[in-house]
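Please build the complex by placing chain B on the supplied structure of chain A, with the hints as guidance.
Number of protein chains: 2
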Amino acid sequence: MKTTLVKQLYREYESFNNKEVELTGWVRTIRDSKSFGFIELNDGTFFKNVQIVLDDTLDNFKEICKLPISTSLKVVGTVNITPNSKQPFEIKAKCITVEGNSSSDYPLQKKRHSLEYLRTIAHLRPRSNTFSAVFRVRSLAAYAVHKFFQEQDFVYVNTPIITGSDCEGAGEMFRISTLDLNNIPKTKDGKIDFSKDFFGKETNLTVSGQLPDEALALAFRNVYTFGPTFRAENSNTGRHAAEFWMIEPEMAFAELEDYMNTAEGLVKYVINYVLENAPEEMQFFNSFIDKGLFERLQNVVNSDFGRITYTEAVQILKKSGYKFEYPVEWGIDLQTEHERYLTEKVFKKPIFVTDYPKDIKAFYMRMNEDGKTVAAADLLVPGVGEIVGGSQREERYDVLEKRIEELGLNKKDYWWYLELRKYGETKHSGFGLGFERILMYLTGMQNIRDVIPFPRTPGSAEF
Amino acid sequence: MKTTLVKQLYREYESFNNKEVELTGWVRTIRDSKSFGFIELNDGTFFKNVQIVLDDTLDNFKEICKLPISTSLKVVGTVNITPNSKQPFEIKAKCITVEGNSSSDYPLQKKRHSLEYLRTIAHLRPRSNTFSAVFRVRSLAAYAVHKFFQEQDFVYVNTPIITGSDCEGAGEMFRISTLDLNNIPKTKDGKIDFSKDFFGKETNLTVSGQLPDEALALAFRNVYTFGPTFRAENSNTGRHAAEFWMIEPEMAFAELEDYMNTAEGLVKYVINYVLENAPEEMQFFNSFIDKGLFERLQNVVNSDFGRITYTEAVQILKKSGYKFEYPVEWGIDLQTEHERYLTEKVFKKPIFVTDYPKDIKAFYMRMNEDGKTVAAADLLVPGVGEIVGGSQREERYDVLEKRIEELGLNKKDYWWYLELRKYGETKHSGFGLGFERILMYLTGMQNIRDVIPFPRTPGSAEF
Numbered sequence: 001m002k003t004t005l006v007k008q009l010y011r012e013y014e015s016f017n018n019k020e021v022e023l024t025g026w027v028r029t030i031r032d033s034k035s036f037g038f039i040e041l042n043d044g045t046f047f048k049n050v051q052i053v054l055d056d057t058l059d060n061f062k063e064i065c066k067l068p069i070s071t072s073l074k075v076v077g078t079v080n081i082t083p084n085s086k087q088p089f090e091i092k093a094k095c096i097t098v099e100g101n102s103s104s105d106y107p108l109q110k111k112r113h114s115l116e117y118l119r120t121i122a123h124l125r126p127r128s129n130t131f132s133a134v135f136r137v138r139s140l141a142a143y144a145v146h147k148f149f150q151e152q153d154f155v156y157v158n159t160p161i162i163t164g165s166d167c168e169g170a171g172e173m174f175r176i177s178t179l180d181l182n183n184i185p186k187t188k189d190g191k192i193d194f195s196k197d198f199f200g201k202e203t204n205l206t207v208s209g210q211l212p213d214e215a216l217a218l219a220f221r222n223v224y225t226f227g228p229t230f231r232a233e234n235s236n237t238g239r240h241a242a243e244f245w246m247i248e249p250e251m252a253f254a255e256l257e258d259y260m261n262t263a264e265g266l267v268k269y270v271i272n273y274v275l276e277n278a279p280e281e282m283q284f285f286n287s288f289i290d291k292g293l294f295e296r297l298q299n300v301v302n303s304d305f306g307r308i309t310y311t312e313a314v315q316i317l318k319k320s321g322y323k324f325e326y327p328v329e330w331g332i333d334l335q336t337e338h339e340r341y342l343t344e345k346v347f348k349k350p351i352f353v354t355d356y357p358k359d360i361k362a363f364y365m366r367m368n369e370d371g372k373t374v375a376a377a378d379l380l381v382p383g384v385g386e387i388v389g390g391s392q393r394e395e396r397y398d399v400l401e402k403r404i405e406e407l408g409l410n411k412k413d414y415w416w417y418l419e420l421r422k423y424g425e426t427k428h429s430g431f432g433l434g435f436e437r438i439l440m441y442l443t444g445m446q447n448i449r450d451v452i453p454f455p456r457t458p459g460s461a462e463f
Numbered sequence: 464m465k466t467t468l469v470k471q472l473y474r475e476y477e478s479f480n481n482k483e484v485e486l487t488g489w490v491r492t493i494r495d496s497k498s499f500g501f502i503e504l505n506d507g508t509f510f511k512n513v514q515i516v517l518d519d520t521l522d523n524f525k526e527i528c529k530l531p532i533s534t535s536l537k538v539v540g541t542v543n544i545t546p547n548s549k550q551p552f553e554i555k556a557k558c559i560t561v562e563g564n565s566s567s568d569y570p571l572q573k574k575r576h577s578l579e580y581l582r583t584i585a586h587l588r589p590r591s592n593t594f595s596a597v598f599r600v601r602s603l604a605a606y607a608v609h610k611f612f613q614e615q616d617f618v619y620v621n622t623p624i625i626t627g628s629d630c631e632g633a634g635e636m637f638r639i640s641t642l643d644l645n646n647i648p649k650t651k652d653g654k655i656d657f658s659k660d661f662f663g664k665e666t667n668l669t670v671s672g673q674l675p676d677e678a679l680a681l682a683f684r685n686v687y688t689f690g691p692t693f694r695a696e697n698s699n700t701g702r703h704a705a706e707f708w709m710i711e712p713e714m715a716f717a718e719l720e721d722y723m724n725t726a727e728g729l730v731k732y733v734i735n736y737v738l739e740n741a742p743e744e745m746q747f748f749n750s751f752i753d754k755g756l757f758e759r760l761q762n763v764v765n766s767d768f769g770r771i772t773y774t775e776a777v778q779i780l781k782k783s784g785y786k787f788e789y790p791v792e793w794g795i796d797l798q799t800e801h802e803r804y805l806t807e808k809v810f811k812k813p814i815f816v817t818d819y820p821k822d823i824k825a826f827y828m829r830m831n832e833d834g835k836t837v838a839a840a841d842l843l844v845p846g847v848g849e850i851v852g853g854s855q856r857e858e859r860y861d862v863l864e865k866r867i868e869e870l871g872l873n874k875k876d877y878w879w880y881l882e883l884r885k886y887g888e889t890k891h892s893g894f895g896l897g898f899e900r901i902l903m904y905l906t907g908m909q910n911i912r913d914v915i916p917f918p919r920t921p922g923s924a925e926f
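So the protein lines, in turn, are chains A and B.
For what it's worth, our numbering labels the leading residue of the first sequence as 1, then goes sequentially.
For what it's worth, our numbering labels the leading residue of the second sequence as 464, then goes sequentially.
If we strip away everything but chain A, and leave its shape as in the complex, we get (with noise of 0.2 angstroms):
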């Protein structure tokens, strides 16, 4: 007899009724009187338990009754449909067969626990409520960001994880080495011999494919990476951790709008994919993990996104009259709480701030002609504040150099991306989107810790 899924049994169950169907699965709770019982049964493939009922008829009645949570079972019954019922059906046991066993101190019992408490078991949350409904909309989220750029001929590259060029600027690095630490090889002027490394020279762990990625997009187009990225920041937040995946966008012949459109397009698309797709655990979410989280995806979705320059942005917030902890004048980056301020209380709705300062933005991002901005963007939402970064990238070959000269970069590091401008140099633009801060969006869940399956961050990379 072949194995039915639960997935399909709740798509599909009036088709199901009366028929006999066999279940694999694990118990998430048993409750029994003397004559009958009631077994939650989960098989992974879905959000929701199945019911069984089961009653003495059963040989096994009495040991099954005692089973401990999580043993796994496979469950031959007939199906009802349960008009009257919480649930659409209900599996009449007919015969159940214990496929593995369980043990009684299962950690992670039928009582709310915390969750900080659920991270030292992260071999076992997911098969909690919570972080069964998380994961399961992050492979959604994922495949729906893979769809998006797939039906538009946007070309999937892979940018190096292990990254030899100390120029990506974007944050601390980790090093990777095969060197043997108790006995490091030095030069003749005592410094360390990478010449002797793994690579012929020092490498670390990347903190962003984008300019490797400017170099695809310069052939293809359109393209754009989604892999894990690295950040060696000792910053014990519940937004930063030390392993996380970006999706990182570039197209050529495009200016900074066609940017934002793609990004307001890419995030419009994955709220829809996931809502669609995943309409139980997204109702979870709603009912006990963000009341508000309907209402604010909704208005995402529905909004036409703002745009305003930074520095309208910083006139709105000067004259607001509002106390910000950190105060706001022309040329600072601004902070959470301005960029929540503009997002929640002036727009009610996302908005992109274009144009910053160029001290406060990278040396690759195009110059305005102000000489004083560059043509980046960061997209704001409500709730969160800054979720995509990106801009239009300098592609005039002297003016990318004059600002590598200014800010005190190495040019030799930069050659490859020198000669992009040299040969076929072209308007591009491109954004970078963290994986876990969209997810955290469409979840509501407050600490990356908890939309990562096995964590990264200082001082723990447990399992």
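Check before you lean on any hint, since a few could be wrong.
Stated by the list, open to error - What the simulated footprint calls covered on chain B by chain A, stretch by stretch (three residues with Cβ under 8 angstroms from a Cβ of chain A suffice, anywhere in the stretch; the number is not a length):
| hint | region |
| --- | --- |
| 1 | 660 to 673 |
| 2 | 699 to 710 |
Said to hold, decoys possible - Simulated coverage check for chain A against chain B, where a stretch passes if three residues somewhere in it have a Cβ under 8 angstroms from a Cβ of chain B:
| hint | region |
| --- | --- |
| 3 | 34 to 45 |
| 4 | 131 to 138 |
| 5 | 174 to 180 |
| 6 | 238 to 252 |
Derived by calculation from the structure, the hints in this document are not laboratory data.
These numbers were taken from a predicted model, which means no experiment stands behind them.
Using N, Cα and C, we set each Cβ at its ideal position, and we do this for glycine too.
Positioned in the frame of chain A, the structure of chain B alone reads:
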């Protein structure tokens, strides 16, 4: 005027006949005589170029004809269908403007370059025909993998890249650290004090996501990873890279047979998807890279994959009378020459070889009843040899514990992996598919360095 993409033009050129379009792209070649000329323009969205016809009625005719390769242009002109020419249509230029300059020393001239040379200009090689085809196929194949699994409701999971466990056992590892190499902290007894390192312990780059992947399969039933993995092996072959992407599906309530069915389905799905969605690229490979490509791929798609045990395979090889470099005896690890003989000479189609001796396979593979072999299976394909490896996992706590002890592994490292067997053990199976292996198979490219945009190999981490 909205820019038309060349892919769209090729797919629907009849509807564009006699219409004016605007194109942007890069010059691949320019030929000219006194009063007219031809430009092959590539806009990145399509493998093929568009032929632009220009004549001296253009003001800037002479300057245009002198432009170096890879100059980026904007062309406005009329589409003319050309049923008697090599290309199905051409563009009669009305106005051509230079968007960005190139230079006459552009390294990717029209003449044929060696693949070795092209690796030294990895930032430009995606603009060549070969790499334009390779990396577009890479993108489509990656999407096909996601599509295959998502259509069957597998949950995509991201297992950690940075691992604190040294128990993955699949190969040598790269150490990740933020310790100051000039001043390595030591413990009182003179050992390196990793408690001072970023994660408070020694960490490495993952060689396989399988172990954490199993934890997720025991929650979601069917899961898959698709991410980078690493090997610090100093092997300079055409088949090994230090950084490569792997697909690792893991299925609960699944036996060896289920893994084999899924792997067979996946391989066929990816091949079909690429053949359908990249016909021009695949035609190119079949004509210029590997003349037997179509035949080989069609054979895979149309065959029911064979299945024999390792023991049968050894018997066949011994009886064959063929002089292998490495002699065959029961107990040896099959070499590529053996694998290719079986799949190319004996079966003439892909085969799974099952039930290998336990001593040549990993500790986590399920022990067969004979006590000598494990429920493992490798998929061998003509032209390459092994392309997929997988097994049923040992779900029995006692048997797994005993294997860990037998092999002298440290049980403490496996506490959570063992707990997966304590709390709701089920039969489960999974496999690993090296993404670059299947790309080499799909394209006929012989060197793994030529299917990765910026490959990492011993002594090489450029770009």
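So which of those numbered hints doesn't the model satisfy? none
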